[in-house]
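Peer 1: Sequence:
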Amino acid sequence: MASSLPTEAEVRALVSRIVAGLEPTDTEQPGGAAVSTAASDARSPGDRLVIALGADHGGYPLKERIGFRLKEQGHRVIDCGTDSGDSVDYPDFAHAVAQRVSKGEANSGVIVDGAGIGSAMAANKVPGVRAALCYDVSSAQNSREHNHANVLTLGAGLIGANLALQIVEAWLATPWAEGRHADRVAKITAIERQYSRSAR
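For the sequence shown, the numbering used here gives the first residue as 72, with consecutive numbering after it.
It is possible that some hints are incorrect.
Computed list of lysine-lysine pairs in DSS-like fashion (alpha-carbon distance at most 30 angstroms, straight line) [said to hold, decoys possible]: (1) K142 with K174; (2) K142 with K196; (3) K258 with K142; (4) K196 with K174; (5) K196 with K258.
Now the in silico label distances, taken between C-beta atoms and shown as ranges [as the list claims (entries may be wrong)]: (6) R255 with S155: 22 to 28 angstroms; (7) R119 with A232: 35 to 41 angstroms; (8) D254 with S158: 42 to 48 angstroms; (9) S158 with A261: 36 to 42 angstroms; (10) R268 with D207: 26 to 32 angstroms; (11) H252 with P198: 16 to 22 angstroms; (12) G152 with R251: 36 to 42 angstroms; (13) P132 with R268: 23 to 29 angstroms; (14) S155 with A261: 40 to 46 angstroms; (15) S267 with V208: 17 to 23 angstroms; (16) I188 with I259: 36 to 42 angstroms.
It is worth saying that the hints were derived from the structure and are not from the lab.
No residue lacks a Cβ here, since even glycine has one placed at the ideal position from N, Cα and C.
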């Protein structure tokens, strides 16, 4: 007598348990501890990070793949949604990710929508966030080294999953440069503060 195959729900439940088991333990990365992202980005390759991850419906499948890879690498992922392919509005999820980074609850953020443009615009409205839309490894490295990007946005409709994973890996591995690059980023921050004061 042939054994019955597991249902889709059973397979999904199993995968969820496996993915949850890949997260660092509380002793490795305290869940409630804030992480500082404002002053510097000094870290060694292989450091475990806290990464806020979000997507709209167009980016949902790619978000799931990125989240699985990040957990597999030992990072702690804060999933800001969405949780299905049902139609939603990208600014809501871009804002959720950007808030986590701005408050220091995450080292970095990754947002996926159809083109990556709208999410970058929304995220950059949050004080302290420097979101960069990247479309290849070179732009990912440049956004980190030169511009101290702390949020990455990706266009799921414009790049394939394999390239997206390479971009995320290169982006996370590239440190912020000091010297003239840090000086220029300080000018970006000064502009932000100028308009934040005038809006009060």
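Peer 1: Hint by hint, say whether it matches the structure.
Peer 2: Okay, the hints, checked on the actual structure:
Restraint check for K142 and K174: satisfied, since their Cα atoms lie roughly 22 angstroms apart, inside the 30 angstroms limit. The straight-line distance between the Cα atoms of K142 and K196 is roughly 28 angstroms, inside the 30 angstroms bound, and the hint therefore holds. Taking the CA atoms of K258 and K142, the gap is about 35 angstroms. The hint is violated against a cut of 30 angstroms. A C-alpha spacing of about 14 angstroms is found between K196 and K174, which places the hinted pair at or below 30 angstroms, so the restraint holds.
Between K196 and K258 the CA atoms are separated by roughly 16 angstroms; this keeps the pair inside 30 angstroms, and the hint holds. Remark: the range hint 22 to 28 angstroms for R255 to S155 is contradicted by a beta-carbon distance near 41 angstroms. The beta-carbon spacing between R119 and A232, approximately 23 angstroms, falls outside the hinted interval of 35 to 41 angstroms. Distance hint check: the CB atoms of D254 and S158 are about 43 angstroms apart, consistent with the given range 42 to 48 angstroms.
The hint said 36 to 42 angstroms for the Cβ distance between S158 and A261, and at roughly 39 angstroms that hint holds. Between R268 and D207 the beta carbon distance is about 37 angstroms. The supplied range of 26 to 32 angstroms is therefore violated. Range check, H252 to P198: Cβ separation about 21 angstroms, and the 16 to 22 angstroms hint holds. Checked against the hint of 36 to 42 angstroms, the C-beta distance between G152 and R251 comes to roughly 38 angstroms, which is consistent with it.
Distance hint check: the CB atoms of P132 and R268 are about 42 angstroms apart, inconsistent with the given range 23 to 29 angstroms. Restraint check, S155 to A261: a C-beta distance of roughly 41 angstroms satisfies the suggested window 40 to 46 angstroms. The given range of 17 to 23 angstroms is broken by S267 and V208, whose C-beta atoms sit roughly 33 angstroms from each other. At about 19 angstroms, the beta-carbon gap between I188 and I259 misses the expected band of 36 to 42 angstroms.
In the structure shown, a violation is registered for the earlier hints numbered 3, 6, 7, 10, 13, 15, 16, in ascending order.
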